[in-house]
Amino acid sequence: MNCGEAQQELALWVGQDLTDPVRIETLRRHVAICPVCGQRAKALKASLVALGSLEVPQTYDTIDSLWPEVEARIMARQSQPPMRSSLVIWAALGLLSLVILGGTAWMWRTTPPSAAPAVTPNEPVAPPLYPPSPGHQSSGISPAIP
Amino acid sequence: MRTATRVTPTPMTTDQTILDGDDRAGDARLVEEARRGQRDSFGVLVRRYERRLLRVIGRFVRDADAAEDLAQETFLRVYERLEQFDPSRRFAPWLFQIGVNLALDYHRKQKRRRKIWSFFFSDSRSERPLDPATPDPRESQELEAEVRQVVDRIPEQFRLVLILRDLEGFSTSEIAAILDRKEATIRWRLAEARNRFQEFWERRLTK
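Chains as they are written, first to last, in the numbering used here: chain U, 1 to 146; chain V, 1001 to 1207.
Here chain V stands alone, though its shape is the one from the complex (with noise of 0.2 Å):
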């Protein structure tokens, strides 16, 4: 595991998008290079992408090197599979798909491993274990925790969208591509994920 320092990067504003009409045409034309082998324009790529896709795995995956494995292996995953991918898509929507999928896949099975074991030792440690590199802001930890709470009731095909748009700033039709969904369903998601999330953090509030 890497030694590198960890920080916290500026967050996304809402009207960024992953890609501008240069970068689309020259991710197209570093794909069709690393295809030929130049294993190099895929490191453009890389570099290029990944500190979003690790930002949108850590929204997912809370703990840092997970993360960092996980956008590795989706990396490694489209570089395989490059002969598959079609010329006439986007790719970067493409990449944050499959790194969006194995995010999901880990988190899931994180899940049933707390759920059982939380089921054979009852254990009220928090889920969220504290990082020492952080100072301790115990307030807004604690409203995280709240929100976190709150996010997690919402149902996956929900909180996706939650999370694509509200936190990571992804444009309905970027979701759209990245889930392989039309935008009018994204965007109906979009809606009902909202308004669930402002009832559950309304009805935390009044018990």
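Okay, chain U solo, but in the shape it has when bound (with noise of 0.2 Å):
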């Protein structure tokens, strides 16, 4: 084992959280002849020993359960009126109509109205309302209405 493989392990190590039994070992021994990752495991050590020191947050006595209060609010909640449940239903329901009947009046109005052809190929052609002047080719399709 080199420095670096070791360095990789040495902060599982000095916590016990290495599993392989073949490993720690080989750890073990280079941390014994190596003084730069010995000094480093000590350092580590040293820290995790700090850290330790860190007081225990102070709670209540759960002589107290905390049970009762937490059943308490269960069963609040459970009690609370149908009647609520059913008007957010109602009202979510509303909500969406809404939201529907927005929708369609906005496509409605977005939408231009569709242009009919004037003349169908099979529709008959109806007469010309005025006579031609002379010399004009019929195009088939009525002049407009001035």
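No lab work stands behind these hints: they were computed from the structure.
Being a predicted model, the structure only gives us computed values, none of them experimental.
The beta carbon of each residue, even a glycine, is placed where N, CA and C say it ideally should be.
Selected chain U positions facing chain V (in silico; Cβ < 7 Å):
1. SER47
2. ALA50
3. SER65
Beta-carbon label-pair distances, calculated as ranges:
4. ARG1047(V) x TRP90(U): 37 to 43 Å
5. GLY1026(V) x GLN80(U): 30 to 36 Å
6. SER97(U) x ALA1028(V): 41 to 47 Å
7. ALA1028(V) x ARG29(U): 43 to 49 Å
8. GLY94(U) x PHE1200(V): 54 to 60 Å
Take a look, some chain U residues computed to stay more than 12 Å from chain V by CB distance:
9. THR26
10. ARG29
11. LEU95
12. LEU98
13. ILE100
14. THR104
15. TRP106
Two chains, two separate frames, one set of hints: put the complex together.
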């Protein structure tokens, strides 16, 4: 094992978080003979001791269990009148209807009216309102009314 | 707010796990009963885990009252989501996952609030108010404050693993379950967290 490999695992080794016994033994031997890694291992252990000085957070004595209050809150939530939940459902449905209506109205407004062809191919052509002037070639479409 | 006495529980040894095989089987049965409407079964689960949950939350939230509120909220959320719980998974990591997430959210909000406060009012008061109920061992408090400052400098993803492993004694596989990550990821983060803590701790001494 070289120093690079050892340094990668030292942090887990000092906290006894390496699981492979062969690896643990190899690392232990390396640390015993390598002053650099030995020093690093010492520093890591010392820092873990310092970390351990953090006090356990103060908590309530759980002779007074949280359960009575948790249970009371569960019961309070369960005993909320069903009216409220149905109101929420009706409000949601109303909102949904408004959205659908609004969306439909918006689409209707923004869609251009479809331009129907003035004359369909099979539709008989109406006779012109005015007789064509002499020399005029009929296009088959009635002239626009002035 | 309850007027319960406060105690300092005995520290947890590092080889303790949050649940053994018997608890695991018992948890599954209790969850199933609670799902069927037997509220008392959920009460057994609350009593089984409340002390430990309070300790863990207390690592992130230093106010005991807030920690208690968050623990209650955790149990409420768990109860409301029992139907979503996958029975093939363990109950305890799921419970602690919800609790840790709530505690972290609270911690982040508090941190933002403190930042805003210190921006407008440069206040030299200690961030951690002294508890009048405890004796005043100045030296250990100073050391603790220093350790806390160094821990707070570590990025959250590493700090979280460091706290759960080295202060709360969860195994790396339990932390993996709580944080919903692979164990290899947790081990890497743990090594990184310890290295960073050591580095910041030494740098503090050389200042």
